[in-house]
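Student: In case you want the letters, here they are:
2 protein chains.
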Amino acid sequence: MRDLSPLLRPRSIAMIGASSDPRRGNGRTLRYLIEGGFDGPVYPVNPNRTEVQGLRAYAGIADVPGPVDAAIVAVPAAAAVQAVHDCARAGVRAAIVYAAGFAEAGAAGRELQARLVDAARGTGMLLLGPNSLGAFDARSRSFMTFSSMFDDGYPEVGRIGMVTQSGGYGSQVYKLAADRGVPLVQWVSCGNECDVGAAELLHAMAHDGGIDVLLAYFEGVRDGPALLAALREARCRGKVVIAVKAGRTEAGGRAAATHTATLAGEDRVYDEVFRSLGIHRADSVEEMLDVACVAVRGRRPAGPRLVLLSPSGGFAVQMTDHAVQNGLVLPPVAPALQERIRALVPNAMPANPVDLTGQILNELPRFGEVLDLLLDGDAYDAAALFVGMAGGAPTLADAWADALVDAAARHPAKALLLSIVTTPGHVRRYEAAGYAVFEDTCRMLRAHGALVRVAASTPAERPPLQPPDPAWAALDPRGCRNEADARRLVGELGIPVLADTVCADADAAVQAARRCGYPVAVKVLSADLPHKTEVGGVVLDVFDDDAVRAAVAAIRERVAAARPDARIEGFLVAPMAGDGIECLLGVRHDPTFGPVVVFGAGGVMAELLGDRALRLAPVDEAGALAMIGETRLVRLLRGWRNQPAADVAALAAAVAQLSRYAVTQAAAGCSIEINPLLVRRAGHGVVALDALVAAG
Amino acid sequence: MRDLSPLLRPRSIAMIGASSDPRRGNGRTLRYLIEGGFDGPVYPVNPNRTEVQGLRAYAGIADVPGPVDAAIVAVPAAAAVQAVHDCARAGVRAAIVYAAGFAEAGAAGRELQARLVDAARGTGMLLLGPNSLGAFDARSRSFMTFSSMFDDGYPEVGRIGMVTQSGGYGSQVYKLAADRGVPLVQWVSCGNECDVGAAELLHAMAHDGGIDVLLAYFEGVRDGPALLAALREARCRGKVVIAVKAGRTEAGGRAAATHTATLAGEDRVYDEVFRSLGIHRADSVEEMLDVACVAVRGRRPAGPRLVLLSPSGGFAVQMTDHAVQNGLVLPPVAPALQERIRALVPNAMPANPVDLTGQILNELPRFGEVLDLLLDGDAYDAAALFVGMAGGAPTLADAWADALVDAAARHPAKALLLSIVTTPGHVRRYEAAGYAVFEDTCRMLRAHGALVRVAASTPAERPPLQPPDPAWAALDPRGCRNEADARRLVGELGIPVLADTVCADADAAVQAARRCGYPVAVKVLSADLPHKTEVGGVVLDVFDDDAVRAAVAAIRERVAAARPDARIEGFLVAPMAGDGIECLLGVRHDPTFGPVVVFGAGGVMAELLGDRALRLAPVDEAGALAMIGETRLVRLLRGWRNQPAADVAALAAAVAQLSRYAVTQAAAGCSIEINPLLVRRAGHGVVALDALVAAG
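Chains as they are written, first to last, in our numbering: chain A, 1 to 696; chain B, 1 to 696.
Chain A with its partners taken away, still in its complex shape (with noise of 0.2 Å):
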């Protein structure tokens, strides 16, 4: 890994193309970095001018006195190739280029970057953009970027780090985030990613100990092994890593591929990746920011278990539906505290919810004493508590925070949320306390929900795999022509197939049908039909000998019409499979991430119900229950309605199977779809009825 210190944390800092106006664009970075404090040399570049905004100016980057860790490139697309040669032959160790008009923008533009990279190449120079708004770092007063983000102040230390793709989101991000009192310590906008990426950048943040949350915004992902292995370093080093990924529709992805050029590759798969490293994926800047700070202020929650309370019992309802939606969990409250919690307040309904009514409004330190009974011992995780409009009133204000206040420091391992309405000194109050402050009930259980989720997963090294077996390196899933080489070879894999044969013609057929025993299925052979049924190449349940000729003659009839062009290769014939439960297991090869196993109801079902569950390959058997598991059909499969249980065992066993294979196979980009795989009662196994073969 570099070292990425001169561009994250510069002790010297040149400006090509530094301007006078502190008002704007280059102008405005300078200003940035005088008012800003920081703490090294500023050198001003431009040959113009001797002096710029009261600090000398040098002709060239080459008569700067003394050495420049970071270089702003800050001159017009078409200028940037030889300021960035003209600065690595200068010793700079790295370099933001400001510009647009490169890869983003068109053939001329990929060429002109790829020119920028040859610039700098072999010097060992960092290349950071081009397109980048920039990069600052809080501790070194760094505040490198044209935004206008520091036009109103300069940010405390504070403990967030973020990596942006788009330099418009991360400067919202920044200012958002100031405004709500949780500032931003480390900030880059890695622009097109010439040289350093967003990946590398998080690695840095992943071992930086002044950063304790991260925040990251993706549109596409140009290394995707780099980036998980990025994500994990920063979870296993206990960062709570909150990520946007922009593109989630199908309009979104195109307007993602239109804005950065990058392949955004499946967004579920995304949704997988987050999931599998305990990232909290969030949809909005609002979002990101409310779990954020939660992470930042608030404690940790140790896990789910939650008891709320309020003095309405319309919120009281309100957060139990929203705490429910969030995965949260709402231990009842024991009944001798029920008692001992109605001997304070008379009225109150003490289920969880806790109700505590509004006669609790003219007993205020009585809130805090129920918040003691319910935390003493280990009945809940975390408080949540509705005060709303009422914790603001003039006449009541003081009075609740005295009473919520106390009762916070009387239990320091609970973590303590508080949706309320009142001034930002009594929200001061109740931060430094502890709690985590909202005013919208809905807003605090999701975001802590989030939190709970993310502190619940901690990203252990994947488990030893079963190794793929050394023959399969010669299944080359290029050498598959039709459905035959394709049942082949899931059959070499160890997964059964149900024994076919291929018939020339429909007398070959009759004496196929009379081998393996009425009923049979008669199918088309050839390459050209990856979708047999819809064009009517399957009979089904056929019962003698003239029934198979039927089936023979009405499928090329069928063929035919709906499809002339189709060579017919054949016919297959094989046994019917009996009763079984249809389902479809297929793996396929991610532009980003690389091969993805797939597990869901199989037949029509499979694409009517969109029930799949996703992993990147390969997973275990145990890692394969699990993706079963998270689909609705593992109802059907675990015995539905008194119907025998199937034989979940042999199905999780080749999930993982076809899994590791996929592995072996990443170079191929194969592709391939058992469906329907047929999974027969406990102890029965599974048989892939039909199988599809692809290579990218």
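Treat the hints as calculated values from the structure; they're not laboratory data.
There could be a bad hint or two in this list.
To be verified - In silico SDA-like cross-links for lysine to any residue, where the CA-CA straight-line distance does not exceed 20 Å: (1) K532/A / A645/B; (2) K532/B / W640/A; (3) K532/B / A645/A; (4) K532/B / R641/A; (5) K414/A / R305/A; (6) K532/A / A456/B.
Fit chain B to the known structure of chain A by using the hints.
Tutor: The following block gives chain B in isolation, referenced to the frame of chain A:
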């Protein structure tokens, strides 16, 4: 409908139990009436004092010298019955009872509440509460509440009315709405609704010309039909209605039942009620107020067509996702128009989203010019602009406002949304120009999407429905004892059922099977076994006489093992149904809103999928088609992957028919479930394979 004006806009107010401490409970109400500027006489009633807070006090309500529109009964529950009695006898027109401890507090409380109602009976006096936090109308300055909600000031006269079943919820909404500059004009906490109820209050507000937006908070509804009528009235008069119904989750539903002691019914039915009337169902206070803000402040959108503008590619992508997720439509920018935009802003990517890139920050007037180009003509109903924190930077804030405010005036018919972080003064300037202003793009587009949906739906009077068959009156679901009866009933409604024969034993079953032709299905007949498959009571595909005997024996044995208590009344023999798509069609009785009809996937899939559409009964054929179209199953019914389309017309007729019958049997609270209903290919109708009838 009763005249609620004595309660909603009283001309004189008496305060029973007036206290001299203006900071607490009853004293607070009196202070609000004095300080808040109520425009009529206020009469404190207190037998122990001659003066309270500077006003002359009276010993009893009978001593008050003038007529009293509203009396606030602010005495403990035990004393409230006598106070209400005295008020009623003194000719008071409306009484508000604050005290809790009535129907929400168990059997003794229910009894006390009954006496409260008795005390006013026959006098025509309106009774609000008990357990009410009060009511206010900002026009008459009648601030009748003991909540602290006016402790820091009194509201301007706004355009929003609210009815709330939770005083705490309502006071929070009041406060946050006022803080956001969209104050409420009228507000009622309806408490236990012993007399005046939520529906009656909403009806009155629907007729109030000073109210444009109606907010409602429900936990349970006492009179479903009255609520439907009131909400329909509000919608027909052009009000935007935003409702929160708490208790979405099972745990939330239990908490709501504890809180209000009402029967909530099925949460999904509320979804359908709100959807059908064009009412936005919000999930939180914040969402409720976001939608209220765009409804009160922004311009009403003429349709869903939206153009997105941003100087940040990142937000262009995010807004695209959120627009699509909220049902908005993003028509592409016409190529010629794209050219004209590029002529103004060379680096722009103007497809929709229109990404103007950071370049635009150096020439902000161009932003307004691009907006003009997009909004001239009829391609878009609305524009959503992201400006973000750059809009509030001291160096840019005025230039942004200059560019955008003038443009708004040039397009008065277009809805305009602006996401910006700027000073309160600038926000006011944008709002005055017609922009709905938000910080967060996600919340902005959620609120706009909600308003578009609401605006698009006018709850027309229901089309005339085919009247129910008079013969149905005699067709009593309470007469159905078992499946045979249930199928007969369904058949008499004109929905084909598979002809079956009731057989006493195996010999009779063989005769029946020969008559209808092999293969057949054999099923157990027993009123004790509503779910026959679960106990092994069904054998399908029975091919000959011996197999019929084997099936009867197997069923006897399995049923005896699984349910030894069940009485076997015989066996049903029916021909096998052949091919088709298995659906579920049912009607059931909602405790609040009466008969509802449900359609979805049938067989085992029914519960696995939860793929159901629901309507209040009755529906006509067009309504039934719309229901069918809401399910994922419709893709199968329309002909999936070259399969023939199913007989959707016959299916719709069956849905409509059953829903009409359910209305005639509403008194019986009947529930009928046809599962599976087999839908054959187009032209071949439907056939009920199994049915279950239960009377409530």
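Student: Each hint: holds or not?
Tutor: Evaluated hints:
Taking the CA atoms of K532/A and A645/B, the gap is near 19 Å; set against the 20 Å cutoff, the hint holds. Distance check on the hinted pair: K532/B and W640/A sit about 13 Å apart at the alpha-carbon level, within 20 Å; holds. Distance check on the hinted pair: K532/B and A645/A sit about 19 Å apart at the alpha-carbon level, within 20 Å; holds. At roughly 10 Å between alpha-carbon atoms, K532/B and R641/A fall within 20 Å of each other, so this suggested pair holds.
Our distance criterion of 20 Å between C-alpha atoms is met by K414/A and R305/A, whose separation comes to about 10 Å. A C-alpha spacing of about 43 Å is found between K532/A and A456/B, which places the hinted pair above 20 Å, so the restraint is violated.
When the structure is compared with the earlier hints, a violation turns up for hint 6 alone.
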